[in-house]
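Residue-level listing of the chains:
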Amino acid sequence: MKEYQTITEISGPLVFAEVDEPVGYDEIVEIETDDGRTLRGQVLESSDGLVSIQVFEGTGGIDRNASVRFLGETMKMPVTEDLLGRVLDGSGEPIDGGPEIVPESREDIVGEAINPYSREYPEEFIQTGVSGIDGMNTLVRGQKLPIFSGSGLPHNDLALQIARQATVPEEEEGDEGGSEFAVIFGAMGITQEEANEFMDDFERTGALERSVVFMNLADDPAVERTVTPRLALTTAEYLAFEKDYHVLVILTDITNYCEALREIGAAREEVPGRRGYPGYMYTDLAQLYERAGRIEGKDGSVTQIPILTMPGDDDTHPIPDLTGYITEGQIVMDRDLNSQGIEPPINVLPSLSRLMDDGIGEGLTREDHGDVSDQMYAAYAEGEDLRDLVNIVGREALSELDNKYLDFADRFETEFVEQGYDTNRSIDDTIELGWDLLSELPKEALNRIDEELIEEHYREDEAEAVQAD
Amino acid sequence: MSQAEDIETVDEDGVIESVSGPVVTAADLDARMNDVVYVGDEGLMGEVIEIEGNLTTIQVYEETSGVGPGEPVENTGEPLSVDLGPGVLDAIYDGVQRPLDVLEEKMGTAFLDRGVDAPGIDFETEWEFTPTVDVGDTVEAGDIVGEVPETESITHKVMVPPDYEGGEIESIESGAFTVDEVIAELSSGEEITMHQEWPVRQARPADTKETPTVPLVSGQRILDGLFPIAKGGTAAIPGPFGSGKTVTQHQLAKWADADIVVYVGCGERGNEMTEVIEDFPELEDPKTGKPLMSRTCLIANTSNMPVAARESCIYTGITIAEYFRDMGYDVALMADSTSRWAEAMREISSRLEEMPGEEGYPAYLAASLSEFYERAGKFQNINDTEGSVTAIGAVSPPGGDFSEPVTQNTLRIVKTFWALDADLAERRHFPSINWNESYSLYRQQLDPWFRDNVADDWPEIRQWAVDVLDEEDELQEIVQLVGKDALPEDQQLTLEVARYLREAWLQQNAFHDVDTYCEPKKTYRMLLAIKTFNDEAFDALEAGVPVEEITDVDATPRLNRMNTSDEWNEFIDELESDLEEQIRSLY
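Chains A and B, in that order, give the protein sequences. Mapping the first sequence onto full-length UniProt numbering, position 162 (from 1) lands on 162, and the numbers just tick up by one. Mapping the second sequence onto full-length UniProt numbering, position 565 (from 1) lands on 565, and the numbers just tick up by one.
Check the hints yourself; a few may be wrong.
To be verified - Among the chain B residues that face chain A by a calculated CB cut under 8 angstroms, a handful are:
1) E17
2) L112
3) D113
4) F402
Hints were generated in silico from the structure; no laboratory data involved. The beta carbon of each residue, even a glycine, is placed where N, CA and C say it ideally should be.
Please put together the full structure from these sequences, using the hints given.
Here it is, written out as structure tokens:
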């Protein structure tokens, strides 16, 4: 391994050094400073005689006399089943004071794309116990379903609730032979306080034992954030496809990750895309999100729940926008519902799960699931529209049916979506609750539901009771 | 060059000078623009995109991690080409036509490794060839010399390659051959095999382009009914995420009455492609009853696969489409999504440090888009057959804003515009195609076909539906202010009729066994039933019946069940007579 003392330029997170031997693209670099610290970085561009290096820990303390070593390999993550229960920093070093990690294998962190031909289509329903998700935007194994949130909204509580409650109903009974469940938590630029909140919850519920935690905190170097999710996903893929775990990966906060990308792009003087984010951000994000799924012939799966805070609650901002184009839907948190005290404040209208249709129905959840969900969507949207009108003309000016839609929308929020962070509703409870609400509307208005299902489930007495009021 | 050939290095090798993501520069490489080269010790496939003095810039179709300066670059001396011949259908390719099933086998893992090559068609399989010309016949470039039953539903026509001189046939044999065995010899000394190669960036020649007059029937009511597309036409489907672009594209790929479907998944989700791979072999072609896959060629370059291959996958797709067009088939090409393709161009362009145009896209974006869509059309082929390529491109505008460059430049070219609407999608109104914003410029030229094949008054009935929907749009603005009950009774009734148009006719459930495909006659019949309701209701209203009584008759909810009815003819007949009877009994 050759050492150079040939740094020519230091700028932001980048270091440029002259070399007299070829250096591979993406290779790992160690830089030793005068005061004996060793910083790690990665080759961003390699040309004959000059390389640019992105330093994960920041370039503070590096001077032109620092020595640069090229390790001749791309970045690897040491993986083993023993990682479960461990807490690591943003570049994969243990910070929990536990024993040294003895890797079973070392995997390249830039994962290769899964061959679409080898994938297995995800259609196993995951019960999260949250009605707004299970009933309306069902999550399935191998899906990537982000939470679109805003600053100050309780996305962490929802993520924790999902991590705690997620099960696949059938497997609850006969646990043998079924694959085990593991949670990988990748934190990028979150505050110490948020981190404590997560760690406390993990410890309180005993979830830590089946978790691997990667922590890049707000005051850790920004550039390191570009590596943290890749380490987390490499670990997830190993546990899922080598060790047959069903892995749930929670990545928070993608917005911080994108900020780090922008910082590097700016330092490299690249031509910026929308709002200064690099033009390749779609590809870069896809390389994270697409590392979810199932593979034919493997028992495990990787399910991703990335969390992002939308700057200014604007879902057309490049970060949520590009994310939405890659992920299979989104769960949207709503500020108004939050201030009304709805827990969790999920706004189901802009939320979506693209894999829902194949993961629900007879044999998976319930025969009437799809119809009930469609009907509730339509009725809630109708009620929402009428709310605007009520503000102008008042409730009295509306027809009886319109008033029922308004009541439906209110009850939908306060009874169906609202449940608190500790309630775990089974899918049966969720759908029955849906019928309770829908029975407030006249039968004829339920045009999205199959007639036979209406006969079977519609609560006749309820409609009469309401009419009698 | 195609991967099929043995690598014959024609020119002197070069040496890598620098690496930055998918862009590599090499020195001392004697190559032409668009030549395919093999980069580095692992032999990663790439294409020459810029030559400046001694330096050649290459876009590499695979990940370049670990590749460094000093490694060799080999030139093949040939442009990026596809392998054409029997075996293209029922296949699934990546962006440079490597079959994904073969890659899985060769790599031995579910993950895409680097530096593995595979020819686009299998060179081992033997196909049963039957000549359609005799010794002594004269053939020219493009002429059909024989047939091969390629799949259950498609007969593959073996043609003289378009760049051949042609001549008298000196020998031709029937029997089982592999694709590179000679099946015919010409007096010009040229030998014909079932295998052709064609550079993807060059359109295959055709005689003349004609005005299309036959619709591509999709079985989707809003498309066939309001915004039809012609066989040989172009269409764009722009919409924000979650508005149903992909479902619409899938529906078209499943039900459109094209002979061949080429589906290009360009920079989209891996699971979506898996869905297609799993679903299509099980679905039946409504026309032939054969598995859908036997008329389909899939090209999958998911969003995390190398960006340069995403740039090329659109060209790979359209070249395959043109090849089948030359055989006289009607081909439909779905590209999902052209925005990802444009972004791939942007990414490569910015790595080349080119001067950016609007929103960072290269200045040649508009030219590339129009070049692509112009390869669609109804053609008189050089062998005197007629064939068509219909190009349907999804567009994913950032933030759902249609004023961005890809949408705008696409709209300047395409003649059908199916605008997807997030608001409709949120209400689960699918397909969420906005009927006020969408248009089709093919309506006029397709009307004669609809008159002849569906109903004589098709254009008039359609116009009636459009008028009602337009009127509803205007009335809605008033309703937003004063409420529905403040409107005069006839306007309330119009709103009610419009509601049935929207809910019973325009909405269509892609996941319902019956509703997923609606033949044009049923589309027409359903619309007619709503018009019957409309006419009866207005008659009653004129006779003084209050609007609630009319809309509350027992039969009306059945209008919403027409779509899922299997025996629709009887169902609608009965419904219409019930409507008539019940409404007339009110006065």
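Here's how the hints hold up against the structure:
Because the smallest distance between the Cβ of E17/B and any Cβ of chain A comes to about 5 angstroms, under 8 angstroms, the interface hint for this residue holds. Given the 8 angstroms rule on beta carbons, the hint for L112/B holds: about 5 angstroms separates it from the nearest Cβ of chain A. At its closest, the beta carbon of D113/B sits 6 angstroms from a beta carbon of chain A; the interface hint therefore holds under the 8 angstroms criterion. This hint is violated: F402/B has a C-beta 12 angstroms from the nearest C-beta of chain A, more than the 8 angstroms allowed.
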